[in-house]
Amino acid sequence: MSSSETGPGGQAHGSVKEYVTGLILSIVLTVIPFYLVMTGTGSDAFVVITIVVAAIAQIMVQMVFFLHMNGSSEQTWLTASAIYSVFIVLFVVVGSLWIFEHLNHNMLMGH
Amino acid sequence: MTALTNDHDLHDHDDHHHHEAEAADRYMFGFWLYIISDCLLFATLFATYAVMGQNFNNEITPYELFDLGFVAVETALLLLSSFTFGMAMLGANAENMAKMKFWLIVTALLGLSFLGMEIYEFVHFSHEGATPQTSGYWTSFYSLVATHGLHVTAGLIWMFFLFIHFNRDGFTNANKIRLACLSLFWHFLDIIWICVFSFVYLRGAM
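Which chain is which? The protein sequence lines are A and B, in order. Take the first sequence: its letter number 90 is residue 90 in the UniProt record's numbering, and every next letter is one higher. Take the second sequence: its letter number 26 is residue 26 in the UniProt record's numbering, and every next letter is one higher.
Note that these hints are calculated values from the structure, not bench results. Don't be surprised by glycine CBs; every beta carbon is placed ideally from N, CA and C. Keep in mind that the hints are not guaranteed to be accurate.
[Unchecked claim] Taking lysine-lysine pairs in the DSS-like style, the calculated list, with each CA pair at most 30 Å apart, reads:
no., chain 1, residue 1, chain 2, residue 2
1, A, 17, B, 176
2, A, 17, B, 101
3, B, 176, B, 101
4, A, 17, B, 99
5, B, 176, B, 99
[Claimed, not checked] According to the in silico footprint, chain A covers these stretches of chain B (three or more CB under 8 Å from chain A):
no., stretch
6, 46-58
7, 188-194
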């Protein structure tokens, strides 16, 4: 059950303990937003922020405990390309929303 | 003389392993780049979904249709399958064929159940009047969620053929790399599903 052997792709092999920790954290981060929406607890803004934070946290948890990414020097290229893709994803999603928001606004204003 | 030959053999052996590990690294990095490009595909689908979020064309809305209890079960199935694939990887690392096969079968069954539920949901939505042609919202909904579903289907087909490969050839280097790639793919699909249930289902049911 060694947890730091390096396998294919320079990724550590992981251990049962690591996977169980990841599973438990994922369940907690899934139950919280589902509970809030299903019971209607809290204001809309609070619930939306919780959904976003829980989603980002769970993605991080799975990257660390399931994909064994740890930002070590053996994984420089993995980490660099992952950060690169995060930026592209943000440009695409936020950029689209921004552009269409303005488009909708201008159409309604009759420009 | 004998000692020298042995030494030489040993060196050759080490060298061989070193090359294999390097080749495995290259394959994994190549597959990682594919995952990143797939990530961008999903980003555009999520962006389309976000832009189309309110275009209901005066037709049925997600608020009236989404059943969060149902989605919670789908989420549980996929999350558990990600975990069981991890167990299969541990079996493969230990070169324990029975353990690896057992967990791979469990993973496939969980994935298949998820897919069954998703198809049932699509049929149910269509009967309620929400088809891909209904409105901009439903077009983007089906594009996004079904693309994820198609990836799960591809993962299941891959799992089936990999199972045959392991049956035939055992723990060869090639099979181990294939399993590691599929593991990456499967965990990636679970990560995409986190975004789907958060931004499509939870947000849509509010």
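| said: Output the indices of the hints that this structure fails to meet, ascending. | reply: Violated hints: none at all, because every hint is consistent with the structure.
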